[in-house]
Each structure stands twice: as structure tokens, then as C-alpha cells.
Amino acid sequence: MTIPFFRDGFALPVAQALLVLLDQEVAKTDLNIERLTQLTFNFRNPGYSVEQGGVHPVEIRLIRGLDGWLFDYVTDFSYQGLGHDAELCKELDFNFLDGDHTMLGWGPLRLAEARELFDVWQSNFIAYCRLECFSVTVAGD
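The number in my numbering is simply the position in the sequence shown, starting from 1, with 519 added.
Possibly wrong hints are sitting among the right ones.
[What the hints assert, rightly or not] Computed Cβ-Cβ distance ranges for the label pairs, DEER-style:
| hint | residue 1 | residue 2 | range |
| --- | --- | --- | --- |
| 1 | S642 | Q557 | 39 to 47 Å |
| 2 | T556 | V639 | 16 to 24 Å |
| 3 | A534 | T556 | 36 to 44 Å |
| 4 | E651 | T559 | 15 to 23 Å |
| 5 | P627 | N551 | 31 to 39 Å |
| 6 | G618 | E651 | 28 to 36 Å |
| 7 | G626 | D660 | 25 to 33 Å |
| 8 | L616 | N561 | 37 to 45 Å |
| 9 | T556 | T656 | 13 to 21 Å |
Derived from the structure by calculation, the hints contain no laboratory data.
We put the beta carbon where it would ideally sit given N, CA and C, even for glycine.
Generate coordinates for the entire structure from the input sequences, incorporating the hints supplied.
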């Protein structure tokens, strides 16, 4: 089933390749998106760890709007701290609906900065997906 995205513009420049990727991940599930109000995609690299580093985990949440699915947030996580004290934290957080975009160690981003950073992040993320770096789960409510 194809995700009918709301197409009258996103707060950030979402590439067609990302929309296709999310649609493909939903197609691999038995979810009936016609009955759902939200979808959460979790992209995890099984080899990512405090010691080894690697490709960061990512969570993407979509919510159903009146005219299609909307991006709620895209969050990129990374380990912060050392050894046993390290914890998984939000490194990049793009909140589409409320317009709050943040980067760890930098704080809130202006919209122009967020757009530029999201564009770069998105290109890298899509490349990692094409390299099959992630184990993906999709959940819906």
C-alpha cells in the first residue's frame, strides 16, 4: 500500500527518495495504514555501539493529517559519554509540526540552518539505507 503523503509542502526539504524508502518499508509489513493515525519507523544499525561507533539509530514518525500523511519528527540518536556512563541521546531532532529543530551541543537551529542540515543529513541517511546498514521496524497506532 502506498503512503499518501500530504504534498502541499513540508517544513523541511523532504526528498522523493526518502518518501519512496518509507513507502517501501511499510509495504514490507502487514500494517493497514488506512486504519492508523501514526507510523513510527525505527532504523537501527546492529553494530552501532559506544566502543565501535557506527551509523546512528534514527526514528521517523508520521501522523495522519486531513489530506495525507505528515512528518511529525525525524530524530538521529548517538551515544554520549564514556564507557558504562554513555547513553543514547538525541543528536539531531527535526520537529516538522512545531518548527523546533535542534542539534546536540548547538541548541535550537534557525529554519535556514535546519533546512540545510536536514538536506545533508537526509542525503547521508538515504545512502546508508541503500547500503543496507539498518534493521528497520515499523509500528502503527
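Status of the hints after comparison with the structure:
1. S642 x Q557: 39 to 47 Å: violated, 26 Å
2. T556 x V639: 16 to 24 Å: Given a distance of about 31 Å, which is not inside 16 to 24 Å, the answer is violated.
3. A534 x T556: 36 to 44 Å: violated, 25 Å
4. E651 x T559: 15 to 23 Å: Because 21 Å falls inside the window, the suggested range holds.
5. P627 x N551: 31 to 39 Å: About 38 Å separates the Cβ atoms of P627 and N551, which means 31 to 39 Å holds.
6. G618 x E651: 28 to 36 Å: Since the Cβ atoms of G618 and E651 sit about 33 Å apart, the hinted range of 28 to 36 Å holds.
7. G626 x D660: 25 to 33 Å: Cβ of G626 to Cβ of D660: about 31 Å, so the range 25 to 33 Å holds.
8. L616 x N561: 37 to 45 Å: Violated, since L616 and N561 (Cβ atoms, about 19 Å apart) do not stay within the stated range.
9. T556 x T656: 13 to 21 Å: Holds: the Cβ-Cβ distance is about 18 Å, inside 13 to 21 Å.
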